[in-house]
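Colleague: Spelled out from the first residue to the last, the chains are:
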Amino acid sequence: MRSKELKRQARFIAVGGVAMALLVTGCAENTGDNGEGAQEHEQNTLDIIGTAEDSVGPATPVEGAVEGGEITFIQNSDMAHLDPARNYVSTSMMVGQGLLYRTLTGYREDGDGSRKVVGDLATDPGTDVNGDCTVWEYTLKDGLKYEDGTDITADHVAYGISRAMATEENDEGERVPMYPEGAQFLLDWLDPANEYVGPYEGEETAPGIAVDGNKITFTFDSPRCETPFAVAMPTTAPIPPDKDTKGEFDQMPFSSGPYKIEERVFEERTVLVRNEHWDANTDPIRHAYVDSFVFEYGTQPEDITTRLAANASGDENLATFTPVDSSQLSNIVGNKAEYEGRYLEGPRKYTSYLNINMNRVTDLAVRQAINHAFNRDRWVQVNGGEYSVLPNTTLMGPTVPGYVDYDVYPYDVEKAKELLGGETIQLRYAHADTATEGRIAAAMVDEFAKAGIEIEAVPIDPLDWYGQIADPDNSFDLYWSSWGEDWPSGSTVFPPLYHSRSIPVENNYPFINVPELDQKIEDLESSSAGFEETAAQWGELGKEIMEKYAPVIPTDIAYGVWISGSNVGGHYLSENISTLDVTKLFVREP
Amino acid sequence: MLRFIIRRLLLAVLTLTMVSIITFGLFFAVPADPARLQCGQRCTAEQVDAVRANLGLDEPVHEQYVDFVKGIFVGRSYDNGTECGAPCLGLLNVGGREVTEVVADALPITASIAVGAWLIQMTLGIGLGAIAAIKRGRFIDKFAVGASLVGAATPLFFFGPMLLLIFRYELEWLPQPAYVSPLQSIGDWMVGMILPWLAVSLIGFAFETRMTRSQMLETLDEDFIRTSWAKGLRGRTVFGRHALRASITPIATSAGLSLAGLLGGAVVTETIFGLNGLGKRAVDAVRALELSMVMATVLIAALFIVVSTLLVDLLYAVIDPRVRLS
Amino acid sequence: MSDVDKSSATPHTEDTSGPQTSDMPGVEPVLVADMDEEPTTAGVGKPASEIVGRSPMQLAWLRLKRDRTAKVTGALIVLMLVAAYGAPLWALVYGYDAYDQNPDKLDGSAIPLGVLGGVSSEHWLGVVPGNGQDVLMTLLYGIRTSVSIAIVSAIVVVAIGAVIGAVSGYVGGWVDAVISWFIDVMLSFPFLIFALAIVPIVTNLILGGPGARPLWLSSTMLIVTFMVFFWMNTARLVRGQVLSLREREFVEAARASGAGLGHIVFKQLLPNVWAPILVSFSLMVPALVASEAYLAFLGIGVGEPHPDLGRLVSLAVGGVKAQQVGAWFLMMLSGGTILLLVLTFNMFGDAVRDALNPKSHK
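Residue numbers (our numbering), protein chains in the order written: chain A, 1 to 590; chain B, 591 to 916; chain C, 917 to 1278.
Everything labelled a hint here was simulated from the structure, so no lab data went into it.
Given the structure is predicted, the values throughout are model-derived calculations rather than measurements.
What you were told as hints is all true, and nothing was included just to trick you.
Calculated cross-link-like contacts (lysine-lysine; reagent style DSS-like; alpha-carbon spacing at most 27 Å):
| id | chain 1 | residue 1 | chain 2 | residue 2 |
| --- | --- | --- | --- | --- |
| 1 | B | K732 | C | K981 |
| 2 | A | K243 | A | K215 |
| 3 | A | K246 | A | K215 |
| 4 | C | K987 | B | K732 |
| 5 | A | K415 | A | K548 |
| 6 | C | K987 | B | K725 |
Please construct the entire structure, taking both the sequences and the accompanying hints into account.
Modeller: Following this line, the structure appears as structure tokens:
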């Protein structure tokens, strides 16, 4: 245990020599006791669609928050994309949606664990006009302004969505999307046949969108009961056509949120300052306690933690979205008290799987045997313990309402051997060519061998990872992938992961292709029964998939620990984006 | 003399050309696909092709090379309307930033580390080496020999993090290594650079110490030094005026080459201390398949080596009349 | 071009192979500094002053045997090699192999239980975080891997360098000019950056796609990388020597009797420049041991589950940064092992050079 007292002593002795200092800080016994264990997920309620009253600003104040000061985020690399049409990765979404632009709806998280989808630009989460989920109407609030003081209009929201559907012609004369990286749900619902060419070369507004004054209406050809969630994705951010700089918009989006970009040098630094035209009274979600946010890139994850943990003078205002590196967890978690007030932990929404390539491992009994032979405890241990990953046995994680807890194939080496009929099988296990993944692979080789499954570990250049495993003809049997739902519903889990249309561009990495299953997924997707009804059905579908097909080994659900400098307050784990909630942060002593 | 210089310059240009051709060619042999990488995991084959075309990677390798070289001398304009003035080293695949700009940001960082560390290791190395030679066999000599042996065998990736942990995080004597332009504040610049300087020079001085010591010993054995002693000159005069001066040429040579070596050594130093200099960027660029950036860093590193070798040769020609130029 | 026949101890401009080949401070400069003195002072060209009846080789051996540093470091090297290459045998007695995983010796976060990283009567130096391999065995196996790769690479590198250097020096003319220039080109590449780029290419060439990476493959990858980037110094050195030999009588005689290039290079020239080649080799080994560790630090090299010193140091440094209990002990052990290896090989190499070069200053 490292207390303040020990640290002072160490400082004194280190003057005398390197080795001595190390002795004092390091010569403790590891009893393996980290205090209380990691927190379990709280079961999510179905009551997450807010009301018009919930949609009224300002946001619920953060306890103890004061205005002013500057927070500097240190990150390994820059935001993947800031263009709302392309923004689909957690950190970028947190910065984009938390600080730079608003969307039709959003998630109000009051700091007490609650989460509700409420109107952000709109006055409420949406009106289901006909009661069958096919027509949805949104009315914009009054007094919404961009960073230059001009008004945000419904037309701009329509343009933002249409723009996300823009296509261009490639050399072979095919039309390909200009912004393929973003969330596609709303876009696919509006234009299921992919006929719209986008506002640059075609109609200004995409099919299915109608604008009337400050009202915007979406008309779908099948019931879309989860529209309030779908329009909370970044694609509904308003963009005035004359501010659309196309490719450059990704670097310098035009702000409708509480901050605007003052300086941006890609992969160097980004400086955000207050947008004076943003009105807190229109915004039920965001705060703007801090005067400016600075983002600096280029620090390795483990070095980020080391630096934040040290909290040396001049570093008190640092923060990061990067969870504590798994190698550092035992020290940080074991000394939680020392990081009080600048420490945050909790389960995240990312579930991981070892995909079983169904094009190669065609025998269900073998896939079941592989599942039984998987030692989940060892997996958690070699991944850095339960503060890094929590064991998970389900396809739809506990962050999704309707979660059903099941463990279809508990760890049982004898059962696995029995299913294999006493035979030995060989499997190729692909892993990213890094030290950590190499260690995990070595542990898996060791564990699976106990059930007579010989693993050949194949390292793959991390750059080429998706290029390799997304190929249905790949030569591997087992490989990792991870997924976090876009909104709290199975409809953003099962279609992209287990529907055959998601081979190979989405995330169907086991290449499961069962017409019967496809049909079930489609029925649930376009059910008009409403979100509450389908939630439990999605949960049950997961269990059924595991029983009937066993396409993956569910391995874990991510757990996050974050620390920051001691002058940063307001730590909160955003349930929606599953990372440090940037809108609630403040500087204790500006 | 002039002919010698011109000839060496031409050779240097030829060398750089060859280095650039090899680098460029090698890059196309890398199995991973930069277009695939930039497009991300959700791209179809058609989209990957479109990205490849946007990056200009669909052209034959030799045309791409010619475009690159042209860019350096006359600038380039890109399909998306970006004008990249000479010397244009290309654009980054991700983010589209001009590589020349990135280099302009990164070079001062690398140069700061290299020059500072070099000065320290020169002073330390030459000083210790000279003293060791003069006090041959005494404690200080043994210490110098021992220290340089251990220094030469210590891996920087082991020593650097040690310094960082002790002096930055444990004792908090020094601030986080960071680059502040010396034009802005000399003090902040030095303070931010101290750790990298120490880490590099405390290992690197070994080379200079050994070099100086053995050179001095060699010189002290030579006839004119013996004559000086015989003439009854005082110790300080003999060592200072005669011995050290006679040894200075080879020491200067090694000094020039050390500096070039330090620039190349930036990879490890910058990775350890989290400084975004050329070395770290080069590694990141190789890992991210940013060809333009790799080309830029390799060419700059090669340029430094070629130029410093050239300068050392010239220095020789000037200082040492025994070297015949042809 | 500078004059190659000058007779002073001043390093030749041509032969000054600076530290630029090394991206790693402290790795190669030592080798280079020593090389500088070599061409003019190695005994080959000046047999007249030696005692009659003993070959330079015998003399050198005598000197080496009398050298205390050589005796101590030589003994240490033999000891380490016996320990390392005998590791599978010791493992039988000791009870653990470097490949045996012991997850039960780790806590829930895969960090060794107990003091000093899991030191116990079973695991004398503790266990490795992650999968709990025995540290003592990992170190021994690691030395074996590291030294084997270094020695094989050094043989390959020195052989290539010597042949290229000899051909260049002997043939002269435009061949020499081109080779000398090519050496300049190769010396201009930043090694670490290129190693990063070249390793996936070589792997892909060998495997034709992603595949498992057995020990022989990782080793080959490293050897090829070293082969490409480390031959230049030896080549320059040998070229310098051969330049001074090519006009001598025995070469003239061989040429006059119609001997071919191969005969002259391999039978006449190379046997007469064995001294600098030997020195080159003995100092190349520690340089390569260190280089291998640097590459491992950047993530290139022998992968899991095969024991590797560089990777172990990186892991331990990470653990120390993370203030993992007992990680500093592993760092001192693994870092210390590399330091000891490089140091002893370097000192032994120095001793070899001194023995071959009576005028050098210790």
